[in-house]
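J.: So you can see what is in the structure, the chains are spelled out below.
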Amino acid sequence: MFLIVVGGGKVGVSVTRTLLALNHEVVLVEQDRARFERLEEEFEHRAIYGDGTELYVLERAGIKRPPDIVVAVTGDDEDNIIICQLAREKYGVGKVVARVNDPRNEPHFDLLGIAPTVSATSMVLALVEHEVPQHELVHLLELRKENLEIVEVEISKESSVAGKRVEELRLPESTRLISVMREGKAEIAVGSTELQAGDQVLAILEPGREVELRRVLLGEKARV
Amino acid sequence: MKALIIGSGRVGSALAKRLVDVGWQVVVVDESEEALGRLGEGWPGEFHVGHALEIQVLEGAGIRDADAVIAATDGDNTNIVVAQVAKLRYEVPHVAARILDPARAEFYSGRGFDVVSPTGTAIEELTNSALGSQPV
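Those sequence lines, one after another, are chains G and E. Under numbering that gives the first Met the number 0, the first sequence has 99 at position 100, and the numbering climbs by one with no breaks. Under numbering that gives the first Met the number 0, the second sequence has 35 at position 36, and the numbering climbs by one with no breaks.
Excised from the complex, chain G in its bound form (with noise of 0.2 angstroms):
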């Protein structure tokens, strides 16, 4: 494959590596003329100076061909933008992968139909609740696309829906449960799956409906 990384930081360089050794053909694009040097002795004339929002320089990067992939990888949200929209709307590129440095722009990549997105900080945010003890309900996938999220929750020993089967649940509309992980094993979910206090539930759902999910399964017996 043909790819054009633009971008010549941390994430930009290490996929520009990985790619390189599974055998791809890589350009890398890098605005800043000192770290272009560095980037020059690593990767030779793989390297390309200039910013990568300027048509110019992606042209001489080879957007004309039009490479397989381009990767914008630069620490400006502003700027993956416009670079994944010139690729594809002005060079046919087919596929574009874009980096977010500030989750709160992700919404901007939406509306402009950039995807996939990989977003740093909502991955390692994610992570990190799910790490937290006792979390009730996570969030482990946005299915962006599909308008679904797949989510976690744990099942307390408080909560009313311990020791009753699934198709007793009233479950939120556009909803259903994935999987039951207990004591480390998963099971599918079935109608005449039992559920327990400490299992770890799997359910995916539309975006908005986790404040009733949690009502369902964590709500206390007292309240219910």
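Hints in this document: simulated from the structure, not taken from any laboratory. One or more of the hints may lead you astray.
Said to hold, decoys possible - Which residues of chain G face chain E? A partial, calculated answer using Cβ under 7 angstroms:
| # | residue |
| --- | --- |
| 1 | T52 |
| 2 | L54 |
| 3 | V56 |
| 4 | E77 |
| 5 | I80 |
| 6 | K89 |
| 7 | H107 |
| 8 | D109 |
| 9 | R143 |
| 10 | N146 |
Glycine included, C-beta positions come from ideal geometry on N, C-alpha and C.
Given the structure of chain G, go ahead and fit chain E onto it with the hints provided.
T.: Chain E only, in chain G's frame:
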């Protein structure tokens, strides 16, 4: 008429003052608090400090009921993204972006917002000026 002006540099601040002079309600957004100085003493409009890519900043500045959004920061890419967000997400009736790079200016024209390219204008006028010096 209510206008949101993003970027209070030389262009944004002068534009803001002109619109206020003709009776518009003007809200200026800039990353730096010092940029308020460019609007002069007794600036009658609003001034918000923040990055215009942040939805909270845009909404705090009243983008939802703005009649016009003008993206005039010194960053072409910021202006292009802000203009698209204003047009597509908030459906602001009139949106304009300053884009210095003539190549990007051309690519982003015809997308429902005005593209103003000072560099393109300068190239054109300087070319005309040079050609005008030729003996006929």
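J.: Can you name, in rising order, the numbers of the hints this structure does not satisfy?
T.: 3, 8, 9, 10
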